[in-house]
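The listed protein sequences correspond, in order, to chains A and B.
My numbering numbers the first residue of the first sequence as 2 and each following residue consecutively.
My numbering numbers the first residue of the second sequence as 2 and each following residue consecutively.
Watch out, some of these pointers could steer you wrong.
[As the list claims (entries may be wrong)] Here are the computed distance ranges between Cβ atoms for each label pair:
#1 A:Pro13 with B:Pro116: 52 to 58 angstroms
#2 A:Gln140 with B:Ser27: 43 to 49 angstroms
#3 B:Ser134 with A:Ala99: 40 to 46 angstroms
#4 B:Ser27 with A:Gln131: 22 to 28 angstroms
#5 A:Thr142 with B:Gly218: 52 to 58 angstroms
#6 A:Glu95 with B:Asp286: 40 to 46 angstroms
#7 B:Arg55 with A:Thr142: 22 to 28 angstroms
#8 B:Pro13 with A:Thr142: 48 to 54 angstroms
#9 B:Gly58 with A:Gln140: 23 to 29 angstroms
#10 B:Asp68 with A:Arg282: 25 to 31 angstroms
#11 B:Pro116 with A:Arg282: 44 to 50 angstroms
[Claimed, not checked] Residues from chain A that keep clear of chain B, each with C-beta distances beyond 12 angstroms, as calculated:
#12 Leu11
#13 Gly218
#14 Val275
[Stated by the list, open to error] Which residues of chain B face chain A? A partial, calculated answer using Cβ under 8 angstroms:
#15 Met2
#16 Ser10
#17 Gly15
#18 Trp117
#19 Ala237
#20 Asp238
#21 Arg241
#22 Leu242
#23 Val243
#24 Gly273
#25 Ala279
#26 Ala281
#27 Leu284
#28 Ala285
Think of the hints as simulated: they come from the structure by calculation, not from any bench.
All figures in this text were calculated on a predicted structure; none of them were measured in a lab.
Just so it is clear, CB atoms sit at the ideal spot from N, CA and C, and this is done for glycine as well.
So you can see what is in the structure, the chains are spelled out below.
Number of protein chains: 2
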Amino acid sequence: MTVAFKAESLQPVGAFKLRGAWHRLSALDEQGRQRGVVAFSSGNHAQGIAWAARRLGIPAVIVMPSDAPKVKRDGTLALGAEVVSYDRRTENREKIAAHLAHSRGATLVPSFDDPWVIEGQGSAAIEAAQQMSSLGLDQPTRIVVPCGGGGLAAGCALALPDAEVTIVEPEGWDDMCRSLEAGWIEPVRDDAPETACDALMTPRVSQLTFDVLSNRGVTGIAVSEAEIRIAQRWAADHLRLVVEPGGAVGLAAILSGKIALQPGMLVILSGGNVDPDAYARVLADRESENSTQNADAAGELS
Amino acid sequence: MTVAFKAESLQPVGAFKLRGAWHRLSALDEQGRQRGVVAFSSGNHAQGIAWAARRLGIPAVIVMPSDAPKVKRDGTLALGAEVVSYDRRTENREKIAAHLAHSRGATLVPSFDDPWVIEGQGSAAIEAAQQMSSLGLDQPTRIVVPCGGGGLAAGCALALPDAEVTIVEPEGWDDMCRSLEAGWIEPVRDDAPETACDALMTPRVSQLTFDVLSNRGVTGIAVSEAEIRIAQRWAADHLRLVVEPGGAVGLAAILSGKIALQPGMLVILSGGNVDPDAYARVLADRESENSTQNADAAGELS
């Protein structure tokens, strides 16, 4: 059995986010480009926006939590964007970003609640399907996608209408899973546990991403922090890829046996922007890996 | 300045070695295929041979040192090859392999001292040049290549005759560097220090690889073990790639400033088969990185 992995961790900003950013920003008219863009992000979206903005010559302001991983903050600054910090616990990033956008006449680019952004992220699935085809593999029958706000998942669901889509979230942050089951949007609970998946810590999905996934009959799976660490180690050992916790949840669902293998399986490894010290600890601490039920069966695809 | 990295660590066996193996084995006639192949290897060549042999339905025996990294030994066995162990300090692998080949009528496939193998490895440079072209980058003006026996370096030198070729070796194992300087083959000295670059611990290069590199006017550079560890960490942080010590020596030469950046620079990251525990220690121990003179200037290419 061959499993195809789409390594979005190898993108220039280390994550798929430049797809949606590029798609949105390149559609702005001349006046929109001059006035610039504003985004709020835990990091990967920020870098995607900054990357696209620099290439298109558009000024970009990023509203970023003060506790964002240093590598993501530094990466955003290095790409030439302006960074405005806020306190994740006491301040409202939506309000700060909306105020900035209004005062400058700039366009606010949400990280997932935007049809252009969703459509852009879906190009990951289209590209993966083309690559699988050129390698002589079956076309994707099932896509396993990490889910924060649901932009990537919704984009993939729209891009490949014939494939079954399974979203994966960290335990306690499985609000999209619960929402899809309930039939309405359930936010993350106030007592949600700590998670290493900073890229998936979205307190509430959007109506747009929920509707896309709900209408497609998408279901979700939650994985534990230990299962995510096992997946990060497995990706280093067997794929020779550095994958961040939030990028590894789909692989974790496969390795844990929570998703059974099938022909034409495509797993999106959505990002690789790890905190170096935390990543070193994950690789060094080889705790029990008894739950890697599917490990021997999983193949690889570069 | 953009530097192109060719990530051979992402090959199915985690290294470029399947290129030469495939090229040699696919050229065997029907009788040769039935009698099988024998190879001796510290690991990556073994997996390359095993990978190609399985796909071509050819029996393969690999003579491997008893202290080879477990991941390489396991990988070779998992690919269906027979493994024969020897003691690196007391036994002669060439003799063991020659005896096995003779007794079975099998073809001995050297890891670098073979025109087919060299030609096959060179496809890495051809492919990289094509990829650089499709990305709108300058064609390679300089290739930086890790060197053990010199098979990859010789292949790249033949594949891209207009590019300057620089080979890189670990300090103390810089026998090709010294040989190219001397004008004749100098073996590794008996008092060579320990190195983490198991893939580059070749005691003596071959006349064939030496002649190819010497005739092309290739020069070499030696890097320290600390510079190699810095390069491994940089590859994880900035390229999100797991690169083994021997695969990272070219990057180490760039980051240390021993090779100046120039347009059209291509660096081969030749393998990613790390020992998991040793790799975790490298990532955890962030010693002084003062010598990363070129770090800010190095771009990336997936």
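Against the structure, the hints come out as follows:
For A:Pro13 paired with B:Pro116, a C-beta distance near 38 angstroms fails the hint of 52 to 58 angstroms. In this structure the supplied range 43 to 49 angstroms is violated for A:Gln140 paired with B:Ser27, their Cβ-Cβ distance being about 28 angstroms. A hinted range of 40 to 46 angstroms for the beta carbons of B:Ser134 and A:Ala99 is consistent with their spacing of about 45 angstroms. The beta-carbon spacing between B:Ser27 and A:Gln131, approximately 27 angstroms, falls within the hinted interval of 22 to 28 angstroms.
Remark: the range hint 52 to 58 angstroms for A:Thr142 to B:Gly218 is upheld by a beta-carbon distance near 54 angstroms. Restraint check, A:Glu95 to B:Asp286: a C-beta distance of roughly 41 angstroms satisfies the suggested window 40 to 46 angstroms. A hinted range of 22 to 28 angstroms holds for the C-beta pair B:Arg55 and A:Thr142, which are about 26 angstroms apart. Distance hint check: the CB atoms of B:Pro13 and A:Thr142 are about 22 angstroms apart, inconsistent with the given range 48 to 54 angstroms.
Restraint check, B:Gly58 to A:Gln140: a C-beta distance of roughly 28 angstroms satisfies the suggested window 23 to 29 angstroms. Under the hint 25 to 31 angstroms, the C-beta atoms of B:Asp68 and A:Arg282, about 28 angstroms apart, fit the expected range. Distance hint check: the CB atoms of B:Pro116 and A:Arg282 are about 47 angstroms apart, consistent with the given range 44 to 50 angstroms. Separation of A:Leu11 from chain B is inadequate, the least Cβ-Cβ distance of about 4 angstroms not exceeding the 12 angstroms criterion.
Chain B leaves A:Gly218 outside its interface by the beta-carbon criterion, the shortest separation being 33 angstroms against a cut-off of 12 angstroms. With a least CB separation of 8 angstroms from chain B, A:Val275 falls inside the 12 angstroms interface cut-off, contrary to its annotation. For B:Met2, the interface hint is violated, the least distance from its beta-carbon to any beta-carbon of chain A being 15 angstroms, above 8 angstroms. Annotation: B:Ser10 was flagged as interfacial toward chain A, and the flag holds, the nearest CB pair being 5 angstroms apart, inside 8 angstroms.
Here the hint on B:Gly15 is kept, as its CB sits about 6 angstroms from the closest CB of chain A, short of 8 angstroms. With 8 angstroms as the threshold, the beta carbon of B:Trp117 stays out of range of chain A, its nearest partner Cβ sitting at about 24 angstroms, so the hint is violated. Below 8 angstroms, beta-carbon pairs count as interface contacts, and B:Ala237 has one with chain A at about 5 angstroms; its hint therefore holds. Taken as an interface hint, B:Asp238 checks out: its beta carbon lies about 6 angstroms from the nearest beta carbon of chain A, inside 8 angstroms.
This hint holds: B:Arg241 has a C-beta 3 angstroms from the nearest C-beta of chain A, less than the 8 angstroms allowed. With a cut of 8 angstroms, the hint placing B:Leu242 at the interface with chain A holds, because the nearest CB-to-CB distance is about 7 angstroms. A distance limit of 8 angstroms between C-beta atoms decides the matter here; for B:Val243 the minimum to chain A is near 4 angstroms, and the interface restraint holds. Below 8 angstroms, beta-carbon pairs count as interface contacts, and B:Gly273 has one with chain A at about 3 angstroms; its hint therefore holds.
Using the Cβ-Cβ criterion of 8 angstroms, the hint placing B:Ala279 at the interface with chain A is not satisfied: the shortest such distance is roughly 11 angstroms. A cut of 8 angstroms between beta carbons decides the hint on B:Ala281: the least distance to chain A is about 4 angstroms, and the hint holds. At a threshold of 8 angstroms, the smallest CB-CB gap from B:Leu284 to chain A is about 4 angstroms, leaving the interface hint in force. Checking B:Ala285 against chain A: minimum C-beta separation of about 4 angstroms stays under 8 angstroms; hint holds.
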